[in-house]
Amino acid sequence: MIAGTFDTLSEAWYWAIKEIYTNGQLVETEYGIKAKCINGMLLEVRNPVQVWHKKDPFCTKERVEFYKKQFKRESAGRHGFEYTYIDRLVNYEGFDQLKWMGEQLQNKRYESKRIQAITWMPKIDCMKKEDQPCFQRIWVFPHKNNKLDVHIHYRSWDMFKAFEANLMAFQELVKDELIGPTDFMLGTLRCFGDNVHIYEDDFQAAEEVLKP
0 MIAGTFDTLS
10 EAWYWAIKEI
20 YTNGQLVETE
30 YGIKAKCING
40 MLLEVRNPVQ
50 VWHKKDPFCT
60 KERVEFYKKQ
70 FKRESAGRHG
80 FEYTYIDRLV
90 NYEGFDQLKW
100 MGEQLQNKRY
110 ESKRIQAITW
120 MPKIDCMKKE
130 DQPCFQRIWV
140 FPHKNNKLDV
150 HIHYRSWDMF
160 KAFEANLMAF
170 QELVKDELIG
180 PTDFMLGTLR
190 CFGDNVHIYE
200 DDFQAAEEVL
210 KP
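Taken in order, the sequence shown gives residues 0 to 211; the numbers are from numbering that gives the first Met the number 0.
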């Protein structure tokens, strides 16, 4: 497991790409292609402003807006897919987890370790061969100074294509559902990936990014 602390998302992304591509294990994936991966990566971002790395080929204004729309409450159940993250967060077997999280913050449950939402549904996901949710859990810690630390946990994360856009969309979700309706401000953002990887069809692009 490796970890790093950074000021911005773009710094975290570049460091993660360099670590995975340089030191990652080359493995066969269940998609039939190879990937370089690291099992266990923690990225702490102290100032997660919504500015992406200039060399990120998959992060554009249009792509970020597309991701953000998928995390909007009004988008739940309207994508035509089997599920989306927002579906599972606001309708987990009939329960609205994000509404519950917001209520806990409104009730000033300072320093509580119990405020979280999850996506994994064992009765559904354990029966499938693929397409289970990569994002697993969002956990928050409300400090008495009204700063809200946010932890995001992925079981599998394509760091090259998705990290920066994912995190900007998550920040929008936190703003809409947890910070906007309360007096809290975003504190430190921590992102943990069980398996972070770059697929072989992105190796050449990753090399271009890492060139001095």
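Everything labelled a hint here was simulated from the structure, so no lab data went into it.
Among the hints, erroneous ones may be present.
Taking lysine to aspartate or glutamate pairs in the DMTMM-like style, the calculated list, with each CA pair at most 20 angstroms apart, reads [claimed, not checked]:
| no. | residue 1 | residue 2 |
| --- | --- | --- |
| 1 | 98 | 110 |
| 2 | 53 | 10 |
| 3 | 98 | 73 |
| 4 | 107 | 206 |
| 5 | 160 | 10 |
| 6 | 160 | 206 |
| 7 | 127 | 86 |
| 8 | 54 | 157 |
What follows is a list of derived Cβ distance ranges for each label pair [what the hints assert, rightly or not]:
| no. | residue 1 | residue 2 | range |
| --- | --- | --- | --- |
| 9 | 127 | 48 | 35 to 41 angstroms |
| 10 | 4 | 211 | 38 to 44 angstroms |
| 11 | 53 | 127 | 36 to 42 angstroms |
| 12 | 74 | 48 | 22 to 28 angstroms |
| 13 | 76 | 129 | 20 to 26 angstroms |
| 14 | 46 | 94 | 32 to 38 angstroms |
| 15 | 204 | 24 | 36 to 42 angstroms |
| 16 | 107 | 209 | 42 to 48 angstroms |
Beta carbons: idealized from backbone N, C-alpha and C, even for Gly.
Status of each hint after checking the structure:
Only pairs whose Cα atoms come within 20 angstroms are accepted, and residue 98 paired with residue 110 is accepted, the gap being roughly 19 angstroms. Distance check on the hinted pair: residue 53 and residue 10 sit about 11 angstroms apart at the alpha-carbon level, within 20 angstroms; holds. With a C-alpha separation of about 14 angstroms, the suggested pair residue 98 and residue 73 falls inside the 20 angstroms cut-off, and the hint holds. Between the alpha carbons of residue 107 and residue 206 the distance comes to roughly 47 angstroms, so the proposed pair goes past 20 angstroms and is violated.
About 15 angstroms separates the Cα atoms of residue 160 and residue 10, which keeps this hinted pair within 20 angstroms; it holds. For the suggested pair residue 160 and residue 206, the alpha carbons sit about 14 angstroms apart, so the restraint of at most 20 angstroms is met. Note on residue 127 and residue 86: the hinted pairing holds, with a Cα-Cα distance of about 18 angstroms set against a maximum of 20 angstroms. Restraint check for residue 54 and residue 157: the C-alpha separation of about 16 angstroms stays at or below 20 angstroms, so the hint holds.
Taken as a hint, the range 35 to 41 angstroms holds for the pair residue 127 and residue 48, whose Cβ atoms sit roughly 37 angstroms apart. Judged by the Cβ atoms, the range 38 to 44 angstroms given for residue 4 and residue 211 is violated: they are separated by roughly 24 angstroms. Under the hint 36 to 42 angstroms, the C-beta atoms of residue 53 and residue 127, about 38 angstroms apart, fit the expected range. Under the hint 22 to 28 angstroms, the C-beta atoms of residue 74 and residue 48, about 24 angstroms apart, fit the expected range.
Distance hint check for residue 76 and residue 129: the Cβ-Cβ separation is about 22 angstroms, which falls inside the suggested range of 20 to 26 angstroms. Remark: the range hint 32 to 38 angstroms for residue 46 to residue 94 is upheld by a beta-carbon distance near 33 angstroms. For the pair residue 204 and residue 24, the supplied restraint of 36 to 42 angstroms is violated, since their beta-carbon distance comes to about 20 angstroms. Between residue 107 and residue 209 the C-beta distance comes to about 46 angstroms, which sits within the given range of 42 to 48 angstroms.
Taken one by one, the earlier hints fail for this structure at numbers 4, 10, 15, listed in ascending order.
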